[in-house]
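Chain A is fixed; fit chains B, C and D onto it per the hints.
4 protein chains.
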Amino acid sequence: MDYKVKDLSLAGQGKKQIEWAEIHMPALMEIRKQFEKEKPLQGLRISAVLHVTKETAVLVKTLKIGGATVALAGSNPLSTQDDVAAALVEEGIHVFAWRGETEKDYYDNIKEILKYEPQIIMDDGGDLHAYVHENMPQLKLFGGTEETTTGVIRLKAMEEQGVLRYPVIAVNNAFTKYLFDNRIGTGQSTIDGILRATNILIAGKVAVVAGYGWVGRGIAQRLRGMGARVIVVEVSPLRALEAVMDGFDVMPMSKAAELGEIFITATGNINVIRKEHILKMKDGAILANSGHFNVEIDVKGLKEMAKSSRLIRPNLEEYELPNGKRIYLLAEGRLVNLAAAEGHPSEVMDLSFSNQALSVKYIYENRGKLENKVYNVPQEIDETVAKLKLKGMGIEIEPMTQEQIEYMKQWRYGT
Amino acid sequence: MDYKVKDLSLAGQGKKQIEWAEIHMPALMEIRKQFEKEKPLQGLRISAVLHVTKETAVLVKTLKIGGATVALAGSNPLSTQDDVAAALVEEGIHVFAWRGETEKDYYDNIKEILKYEPQIIMDDGGDLHAYVHENMPQLKLFGGTEETTTGVIRLKAMEEQGVLRYPVIAVNNAFTKYLFDNRIGTGQSTIDGILRATNILIAGKVAVVAGYGWVGRGIAQRLRGMGARVIVVEVSPLRALEAVMDGFDVMPMSKAAELGEIFITATGNINVIRKEHILKMKDGAILANSGHFNVEIDVKGLKEMAKSSRLIRPNLEEYELPNGKRIYLLAEGRLVNLAAAEGHPSEVMDLSFSNQALSVKYIYENRGKLENKVYNVPQEIDETVAKLKLKGMGIEIEPMTQEQIEYMKQWRYGT
Amino acid sequence: MDYKVKDLSLAGQGKKQIEWAEIHMPALMEIRKQFEKEKPLQGLRISAVLHVTKETAVLVKTLKIGGATVALAGSNPLSTQDDVAAALVEEGIHVFAWRGETEKDYYDNIKEILKYEPQIIMDDGGDLHAYVHENMPQLKLFGGTEETTTGVIRLKAMEEQGVLRYPVIAVNNAFTKYLFDNRIGTGQSTIDGILRATNILIAGKVAVVAGYGWVGRGIAQRLRGMGARVIVVEVSPLRALEAVMDGFDVMPMSKAAELGEIFITATGNINVIRKEHILKMKDGAILANSGHFNVEIDVKGLKEMAKSSRLIRPNLEEYELPNGKRIYLLAEGRLVNLAAAEGHPSEVMDLSFSNQALSVKYIYENRGKLENKVYNVPQEIDETVAKLKLKGMGIEIEPMTQEQIEYMKQWRYGT
Amino acid sequence: MDYKVKDLSLAGQGKKQIEWAEIHMPALMEIRKQFEKEKPLQGLRISAVLHVTKETAVLVKTLKIGGATVALAGSNPLSTQDDVAAALVEEGIHVFAWRGETEKDYYDNIKEILKYEPQIIMDDGGDLHAYVHENMPQLKLFGGTEETTTGVIRLKAMEEQGVLRYPVIAVNNAFTKYLFDNRIGTGQSTIDGILRATNILIAGKVAVVAGYGWVGRGIAQRLRGMGARVIVVEVSPLRALEAVMDGFDVMPMSKAAELGEIFITATGNINVIRKEHILKMKDGAILANSGHFNVEIDVKGLKEMAKSSRLIRPNLEEYELPNGKRIYLLAEGRLVNLAAAEGHPSEVMDLSFSNQALSVKYIYENRGKLENKVYNVPQEIDETVAKLKLKGMGIEIEPMTQEQIEYMKQWRYGT
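Going down the list, the sequences are from chains A, B, C and D.
The first sequence begins at 1 in this note's numbering and counts up one residue at a time.
The second sequence begins at 1 in this note's numbering and counts up one residue at a time.
The third sequence begins at 1 in this note's numbering and counts up one residue at a time.
The fourth sequence begins at 1 in this note's numbering and counts up one residue at a time.
The shape of chain A in the complex, shown without the other chains:
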């Protein structure tokens, strides 16, 4: 069997989505042009577990154009776009994915794509890597890539325990991945998610952002750009000081709780907004989370306290507290930018997936030379991705003169 998708007749619609993405992924499209000419992946077999979205489609089409055979399964039962999956089948990709898979379907699909005897595997979360390690000792792999922080952590644990069986490139750690993804991508899409869920006016509101890491500062900046008065809540004195110097008010959640009208968590930590905070909030306060896991707001505590709750509109749930105040939780405390909006725009995925494409090429070209370790994306690839993106955007940077190159070297070696 060659593929398994929901409905092949959706291919036309899927093709349009993919083309819309392609326009906004100029770096990856530049790579595609090179791949087309040079066929650097000729003869390579790749199996990938990725969100089957229009952006992923642009990636796997590029890998195929580079000469590879690609089998693709979805990395999340709810993220597959069935029209895109159908279009990819027409493009000759072996797709095994549909929206609404059961857990059994999910693992069946992983088995299907592994039947192609991949030489490189690509993963988003680490499940494919784990499956291969546990069930497919016979596979001869040149290496693999990993898209997420979570997956990288799992792989590093395997490396430390000495069980990692092939080299892996942690795409997540590329500068062109985390900086733009977290700050620029999540910054915008969090605003987008809040607006779609609530249609409130942001201007003039007091917004509380918990966490001033890359995600938090992206959100804080965008909220200010929409006219909000922004309070930052931070545990790190270094980051808190940065937030103050960037012109934000900084205070503990216990105080911010009384002032805020919108609360957004982006800390990576647990129970950042707790019962005692919620009870202090103003009537009408809105709670949203932009952190990866839905543990930042104590949703369970909120539900326990609430006298009643009801869904006002999609992704907007009202909870009435014993004190009579109403609290509004967006998307059940899950990532608001994915749950209530559409996640990262194509322009952001362009960077991540360009790193993916070039990392695959790198593993293939260096097969046999890499150790069974978790590698960062080579600096060269990171810079190449930035260069291609700029080129695709029509932006030229300053070339260094020979004199300047010499001067920098001399400096570095401190004479």
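Some clues are possibly wrong.
Since the list gives no way to pick one copy over another, a pair counts as held whenever it fits inside one copy or between any two copies.
To be verified - Okay, derived cross-link-like pairs now, BS3-like style, lysine-lysine, Cα gap no bigger than 30 Å in a straight line:
id, residue 1, residue 2
1, LYS255, LYS280
2, LYS140, LYS391
3, LYS387, LYS282
4, LYS16, LYS282
5, LYS282, LYS255
6, LYS280, LYS391
7, LYS325, LYS255
8, LYS111, LYS156
9, LYS16, LYS275
10, LYS275, LYS325
Hints were generated in silico from the structure; no laboratory data involved.
Just chains B, C and D now, with coordinates in the frame of chain A:
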């Protein structure tokens, strides 16, 4: 017959929407409290043609609580929220409106609400005023209000021709209406509309805003706040100079056309983006309009030139030009914030509708004393609305001392 | 006698200053080019009381090049730049001004410039207008101009009392004057004055701006641009609401006093910062005024309360309060941008003085046709100044098509 | 001999300057309080070569209060504030420094402070470290600190060559040093320097910033905050991409040269603005440097090309090019924030010098336990400084719960 709506069983859902709006309309809710206590509209009959939205519901409920009998028809066949209409019936409002009315339905509904023999009429666009002047000479009206620029222009023409039969307050001209509505409301909702229609990344894009009036500067500011590089196109040297001093690039459309990636019109004028501009644009350029009428982009010209077109996703239409480039038109060139997003947030309508409520009270209290003219909203009402809004937001302003009041007088009279 | 200045040998230095100003006054330099070609002021005698600065020099040189004979006295005993005065003498201007004039000198100089029997007079503050009305009934004047708000108020009072003897153009009221002068010019120079007086870091500080008129919002915006957390204190609910929607915190001075680290007044009113506020302030609080008169901070009250005071550095005076806290007053509460920095940059004066030059031309061309009233700068001149400025900055605006001109007319008349 | 300063009678004036600094150095003042109580430096002898400014005075007074004996020489012949030096003598510091030292004086003073047989030495630039290594083999040192990048590079070279004779803490590398110093401090003071040198209006100008490192982005942000249109010139594609996503235009200098009105270099590299760029610039272009060394603008090339030059006002030199255009160079291409303004505000030095004070304490407490290496400031000290700064500013941060501390650990170890 007492009402005519789509489906009364939607009332529960409508009630939730109205309550969600009420939380974000603190000024109008303050007025409601006063109205509840003082019943200033006791015995008054009002007929209104307004968009039947959750915000309008908050207004008409307030008028009823003030003592008035209210009959309501919709001002646009597509803007009626059927659940809100149903909820208003349950509140005792005589609603004649549903989504998808024909033109005949529209006028039939106007006739229905006029059967209540209103003493004050409220209008959005001027159709009700025109109908009453042409067909109901027998109506004894204390006066009317008008929400829009367009309606005000029609009424002023009637005043000039000496045919206006009752005093009208131009709510549109209140400072608390146009400043916040245009700059703050449209600024945010235009971003919202673009994101919902396209899901592009705004950061790093070159955005061209045509028009630097209140709407245009609101949009330019929000685009900058999202990380765009913004070019302003203006015909007025005064506004152009302001735009430059505000840090924007300013140039003619013929040049901006070559640089832009997103184009947004907000000029109030016709054919601001023309064929000759479109032909110069980059592949992938996106066109949107935030002006009231869909005349600012030459959509007809675009369609004539295009070799082909197709709908990529809702409100996003692709046109392929003879030169091979693809141009993307949002919402067919209609107001992108209404067509692709939800229009003004409740917080903005709070200001407009507080002016409406107090203007109705003013007309009733001054019945017989006003001339058959178009009046601006009295400065006092405008300031009261601002005060109530601030109070509702929990914001206190500085009181003037007696000494300061004296000093300002002295200054004014120039000693 | 032809002139009276401090030291003619300073002319060389003065010439350099004037040339530096000319580079940054492109609009006025464009007018000079036209004046040179067309000589529109041929035969005209002008007497002017203006601050004798490098920017004024660019103006009076332009008037002379246009054909006029110009006599110039200083409008403030401390604002005359002696090197510029010397350079102007060499240019053939009849200058009577030096730094450090006594009040007698000041009026003697006015007498000197009136000996030239001016046909148009230019004034900054209204003293020249007043002097002419009281002492020179025999002068035959085509008209006059006035630069300041204060002067305009005095002249309007004269108009109302029916004693104004010639037409006056209120240059102060030009859009290209007040908008850029107040918001852009004072915004920047207030920051400049504070930095020169204190060398404090603005980032992270809590700054309180009293007044959200054009000056106040310019200051608030620039403070935010430097990283401050800005609180606005306003008496007008309309302006207060704007400030909130622009993302600022708004509160009464009694609360802001406890939070602020820098306080800047820009209200045009008296005793905005009073003893009761000062007593609440933090140790180290800095007080500055950017309003025209030094009445906004109760300096007298501060001095009365203080246990001791001392000058820390120029324009920075420390007051120790009975409560042990130290308060720092900049420039004795006088306009901090003039007293501690250099006032408006040439670029801003370019706009005001272009209005002056064209207003003088307008009066001359329309001599005999104007009434003895205070006129606003004709809209045409205002727009011409903006156009010339843009041209001088190399910025092109959008031309209107014939179709658009027609459309706007039709709109205006509401069909 | 105990001290050598210019004029002891200046002590009163110096004392006021120091007190003004103390108000703005809350972190260091908190450390002083602890030092006063705990006397952690009891018995320690310190010799320091630092800029003898009011901020340095706050540091050395603190060290003395902590129990140390301190001898101080200046690190630059032109940076000594003689009044501060005098005041420090009165405080019991052994000061050997005056403005206008010759090179011989400079080394004589180093000899003087070494007579005190220091156990810890503090340096700014590395000259003291070098001198001690070459000439004082007999000194028994617990260790040293170094303030600058340049000094750290020299010391690292010594470490690599195995000749470093004592442990050194590189204060320069503290997060609380470089982030705030470079971005916040230089950002503001560069604006300040440009305004003092030129008094131009920044709003509406096209400003070109070369370099988007911490310094460059601080400057770019502040320029935008003052209303400029900012172009960034970068050699790194990664930084260039960040600049674009932050909303700046990015292009090579060869293009920016034609558009810019103000140019500011902050690259750390040589000849960033060269003859070929200067020849393309507009008449009136202004050149400034904010990089450490005056090598970024090719001043020599400019002088060679120029037909003539003259000083317009302090720090503002005009060069007339063969093409007739005039170019304005600020402060001869030296650091504009130091040369034309006052360098870093006290608030910024508060962070650096708190790291200094705590690093000295750390070396003293760990004497005998450290290797002869260049150490970074311990993370703990860095965080303590941030905490003290926040405390001094009255800002509270969020405490972590026990549950959160556990959660973060678990995360780190990837279960």
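Now for the hints, and whether the structure bears them out:
no., hint, verdict
1, LYS255 / LYS280, "both (9 Å within a copy, 22 Å between copies)"
2, LYS140 / LYS391, "neither (37 Å within a copy, 58 Å between copies)"
3, LYS387 / LYS282, "between (48 Å within a copy, 20 Å between copies)"
4, LYS16 / LYS282, "between (45 Å within a copy, 19 Å between copies)"
5, LYS282 / LYS255, "both (12 Å within a copy, 21 Å between copies)"
6, LYS280 / LYS391, "between (51 Å within a copy, 20 Å between copies)"
7, LYS325 / LYS255, "both (18 Å within a copy, 27 Å between copies)"
8, LYS111 / LYS156, "within (24 Å within a copy, 54 Å between copies)"
9, LYS16 / LYS275, "between (46 Å within a copy, 25 Å between copies)"
10, LYS275 / LYS325, "within (13 Å within a copy, 40 Å between copies)"
The structure fails hint 2 only (numbered hints given earlier).
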